[in-house]
Amino acid sequence: MFAVRGRRIPAEEALVVADACGEALAGQEGVGGAVDPADARAVVLLSGGLDSAVCLALARAAGRRCFALTVRYGQRHAAELRAAERVAAALGAEQHLELALDLRAIGGSALTDTIAVPKARSAEQIGRGVPVTYVPARNTLLLSCALAWAEVLDARHIYLGVNALDYSGYPDCRPAFIAAFQALADQATAMGTERGARLIIEAPLLALDKAEIVRQGLALGVDFGLTHSCYDPLPEGHPCGACDACLLRRKGFAAAGAVDPLPYPVEDAS
Numbered sequence: 000m001f002a003v004r005g006r007r008i009p010a011e012e013a014l015v016v017a018d019a020c021g022e023a024l025a026g027q028e029g030v031g032g033a034v035d036p037a038d039a040r041a042v043v044l045l046s047g048g049l050d051s052a053v054c055l056a057l058a059r060a061a062g063r064r065c066f067a068l069t070v071r072y073g074q075r076h077a078a079e080l081r082a083a084e085r086v087a088a089a090l091g092a093e094q095h096l097e098l099a100l101d102l103r104a105i106g107g108s109a110l111t112d113t114i115a116v117p118k119a120r121s122a123e124q125i126g127r128g129v130p131v132t133y134v135p136a137r138n139t140l141l142l143s144c145a146l147a148w149a150e151v152l153d154a155r156h157i158y159l160g161v162n163a164l165d166y167s168g169y170p171d172c173r174p175a176f177i178a179a180f181q182a183l184a185d186q187a188t189a190m191g192t193e194r195g196a197r198l199i200i201e202a203p204l205l206a207l208d209k210a211e212i213v214r215q216g217l218a219l220g221v222d223f224g225l226t227h228s229c230y231d232p233l234p235e236g237h238p239c240g241a242c243d244a245c246l247l248r249r250k251g252f253a254a255a256g257a258v259d260p261l262p263y264p265v266e267d268a269s
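Note that numbering that gives the first Met the number 0 gives residue 151 to position 152 of the sequence shown, counting from 1, and the numbers run on in steps of one.
Hints may be right or wrong, so weigh each one.
[As the list claims (entries may be wrong)] Computed beta-carbon distance windows for the label pairs: (1) 234 to 85: 17 to 25 Å; (2) 129 to 195: 33 to 41 Å; (3) 189 to 234: 43 to 51 Å.
[Unchecked claim] Restricting the straight-line Cα-Cα distance to at most 20 Å, the calculated cross-link-like pairs of lysine to any residue (SDA-like) are: (4) 250 to 150; (5) 250 to 164; (6) 118 to 169; (7) 250 to 260.
Note that these hints are calculated values from the structure, not bench results. Glycine included, every Cβ here is placed at the ideal spot set by N, Cα and C.
Using the sequences plus the hints, can you model the full thing?
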């Protein structure tokens, strides 16, 4: 087993993580240090949620020139798209690109189809199996879009805010997935095959739980009031407080000893 910030992951996954994510996973050693100009550009996948906001803040703190990419894939929680605009502006992204990739025609997820979003599930239920909020192959598609833009920008890094210890069963938030996409990126670009320039997939939150992510964001000055995490927001755009995303977020703030600035319709996050 391998311990990261008080949490433990299997040794074989730790090796995968270290290879796939480089210095970003190992305590973000590069934060605050000088960055080679040739290595400065980064594409950051920005959903507008808590995790991706912290990921953008980490990339900025590491001295990256950040190009934020938000994908409008037909998600029912469109309030997240407006949040992405706010976060990109607040955290100093050089450019914020919103790309349309409508997955509603494919469906198969409570986020893109007429499937009910689960509410008020226990921690045990949330951690069991792949939930109906899983969007088939979403992170593969999002990373592919980021890979294309990164190659055009001559960026050497792609950041995404997945975490494997709080992943709610999503298969495309796991260390093995990140390592597999890194291998694909090495072979799928002219940058890698012709120029020998590696484009690194950075997942700096991969071994952190939600409380650790909240603390990291607060330390970096992230305004979490700008973010949106809810899968099924109320008509006025406020979070429902009871979907898996809301419950994990609220429990993360509570465990971090911090106050979530978002308004919730219920008092108890348990």
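Hints and how they fare:
For the hinted restraint 17 to 25 Å between residue 234 and residue 85, the CB-CB distance of approximately 20 Å keeps it satisfied. Separation of residue 129 from residue 195 is about 38 Å and conforms to the stated range, judged on CB atoms against 33 to 41 Å. Checked against the hint of 43 to 51 Å, the pair residue 189 and residue 234 passes, with Cβ atoms roughly 47 Å apart. Our distance criterion of 20 Å between C-alpha atoms is broken by residue 250 and residue 150, whose separation comes to about 38 Å.
Straight-line distance between C-alpha atoms of residue 250 and residue 164 comes to about 14 Å, which keeps the hinted pair within the 20 Å bound. For the suggested pair residue 118 and residue 169, the alpha carbons sit about 17 Å apart, so the restraint of at most 20 Å is met. A threshold of 20 Å between alpha carbons decides the hint, and for residue 250 with residue 260 the separation of about 13 Å falls inside it, so the pair holds.
Of the numbered hints stated above, the single one contradicted by the structure is hint 4.
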